[in-house]
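All chains should be built: construct the whole structure from the sequences, respecting the hints.
Listed in order, the protein sequences are those of chains A and B. The working numbering puts the first residue of the first sequence at 12, with every later residue one more than the last. The working numbering puts the first residue of the second sequence at 12, with every later residue one more than the last.
No lab work stands behind these hints: they were computed from the structure. No residue lacks a Cβ here, since even glycine has one placed at the ideal position from N, Cα and C. Please note that the accuracy of each hint is not assured.
Said to hold, decoys possible - Facing chain B, from chain A, some residues (calculated, C-beta under 8 Å):
#1 MET380
#2 THR388
#3 SER393
Here's the letter readout for the chains.
Number of protein chains: 2
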Amino acid sequence: MITLIKNVLAVLRKDDRFSVEKCNIVIKDDLIDYIGDAPAYEKYDTVIDGKNRLAIPGLINAHTHSYMTLFRNSADDVPFNEWLFNRILPMEDKLIAGDSYWSTLLGICEMLRSGTTAFLDMYIFPYETARAVNDSGIRAVISRGLVGETADDEGGLRRIGEAKQDFINYKDCAEGRLTFRLAPHAPYTCSPAFLSTVIDTAREMGIGIHTHLSESISEVENIRNQYSMTPIALMEKTGLFTLPTAAAHCVHLDDEDFAILKENGVSVLTNPASNMKLGNGFAPVPRFLKEGINVALGTDSAASNNSLNLFREINNLSLIHKGANSDAVSVSASEAFYAATAGGAKALGINAGELSIGKKADIVLMDMMTPQLNPPTDIVSSLAYSANGSEVRTVIVNGKIVLDGGELKTIDEERIIFETNRIFDRINS
Amino acid sequence: MITLIKNVLAVLRKDDRFSVEKCNIVIKDDLIDYIGDAPAYEKYDTVIDGKNRLAIPGLINAHTHSYMTLFRNSADDVPFNEWLFNRILPMEDKLIAGDSYWSTLLGICEMLRSGTTAFLDMYIFPYETARAVNDSGIRAVISRGLVGETADDEGGLRRIGEAKQDFINYKDCAEGRLTFRLAPHAPYTCSPAFLSTVIDTAREMGIGIHTHLSESISEVENIRNQYSMTPIALMEKTGLFTLPTAAAHCVHLDDEDFAILKENGVSVLTNPASNMKLGNGFAPVPRFLKEGINVALGTDSAASNNSLNLFREINNLSLIHKGANSDAVSVSASEAFYAATAGGAKALGINAGELSIGKKADIVLMDMMTPQLNPPTDIVSSLAYSANGSEVRTVIVNGKIVLDGGELKTIDEERIIFETNRIFDRINS
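Spelled out as structure tokens, the structure:
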């Protein structure tokens, strides 16, 4: 299967910089096979006219809980404890088999429509997420949420056992669009002893880690009181960072924490909207960038954002640190767009996130005939400061068109909205 | 001309709160004539099916410079002085007659598409803005930018004379969609003596004021050094606030400044993205709200945002103060949506900004069958946290449909993009 995107303006990555060029892009099966100005083949199965289109690498949502899309706008403008204990958990408690499949699909609709082609997910029913990923055609790294108090915590071991089975069941499905991680939830829900078990299991399975770290001041204070060290120092001590680790949030850090993240090659998954919405502040992204720590960008869940539109998040990332640091030069458009693409791919360990030969063909075509993208003065700036996701016209994942002309090709959006609303009504009746 | 929007979910304003109800909305000529569950007339000229639609009051962009849409993404990630003196002013210097008409229309395309039905504009060629407003069908308050060093400043007096003539020329055009203000630019570009002349003129013309105040720390320091008082105290002393005043920014204030704004009924026009992007910080919006000072919401220009999409700004307004104050309860969704609608109408002095009988029929219909608006748990929350403007399907201004089914009905968007890009190329050649 060979596809040509003909004569398209494209955001390429060359010599560690973004470069915007007119070119032909050839896709062979699931990979980008050619980028240049000459034709690569004599015949193509599909030709897409690149006129008035901008090709960008599909965005990568590096931290979300897609099953929570169902809880969108259920708990806003309230403190964190009210949010979690009185609003979210009582609803979560009423979920039954199948519910999170539909809720995840609703999130996938929103992500594909706004140009996201891959996401890193954390939840406790990976098989439902895997089914939604398989059916929709999107790419995902699914991580199994784990909590445990001791090394032989009964619930914890059961969950680890299930995760191992899920990994076996799903690793060959979805044409290679699915990979797995283990997700010890956070330092305050996983003891160091239990983490040792998780680390051994992940090493045995040959997979990486997805976790939450140093999200709130109270988390850091509590861990300091209990262990006399920061959450990040504690995690290093357990050996967690000897595995490829993607750590969400990392908002409240001391100097040593930065050194630990850097030394261990931990990727930080920053979630600007969620950190603001729950009153946790602004992560020290300018310093991560300065220190050379890899930064990826996430939306967190629709219950704490309440949108899975990564264009909005790129805009947040490029603006809030300028405001918080009174520095108009802090976090450039390029740095924000990088975090949403190549930085995300690095954090997720997937061969995507840029338009280069040999990368997975995860490509988004945007409409340049929209007022917000004109004049087309500085394309990368416009992706950070002007685009809102509504410019997305065609989405290709793994070489296959999953959205075209404003329509999702693989899934029935109307039914997904219907089913999700029905579930919402049931759990709130 | 009588139009019925039939059986539509609508965001109404009742007893100082938002209320979401299914209803029929009847428009007679330019006004909302009826809202309720019974039919109001036997026959309608137009019937719009409200199925799967959400009716909201058209958004009001309370501070922009629409002619600058042309300069979008021309000067990003640079300090303010570089932005203004080395990037924006050299381009501005090359503008010729007609240029700002097209640039303003480009901004209007973006505003209408994202649900904005009125804006408060500041610039030096009001006749070009007026022409764009007239042709597009949008509503606007056009304010003539003024600078002057003395009471009889030659350039200043010429500009005031032109403004008086523009006011006479344009006050009866655009079916009542146009009103005027005078816009003394800022305390650092208008001396108190010149301001006296501006105040006398505005009083004589019976119109209000639009200005910039206390945007940056350096502005406040410079005015303090020169006059031994804050910019806001200085403006009060000149008598400016005896006229209806809408003051953009108000980021850096002392306690007395809040008291002055409140006592004089000054409306604050807050511009979250612009304040962040230029490194000016976060305006003290939570305190404005607490003190009962009217807050309206603006995008500022596309050169310092770089988007005129007010949904993005509502999202900024509802998130950034939670982050900056570590307070998940700071600036609610309702408060942010109010600032973008009724708060804006109050600041602009226009009879719009809410769906109520007797108000101007400025109405936006959004598509509820979009993933980001589902589940439809809390509609006002979803407008602040989940919508991005792409849900807009129909826009009615002054009782007339100006956008429907994704198409602008009054202006030729493709030509507007073409002309604006041609101007951009010329001034940069």
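Against the structure, the hints come out as follows:
1. For MET380 of chain A, the interface hint holds, since its Cβ comes within 8 Å of a Cβ in chain B; the closest pair sits about 6 Å apart.
2. Annotation: THR388 of chain A was flagged as interfacial toward chain B, and the flag holds, the nearest CB pair being 4 Å apart, inside 8 Å.
3. A distance limit of 8 Å between C-beta atoms decides the matter here; for SER393 of chain A the minimum to chain B is near 5 Å, and the interface restraint holds.
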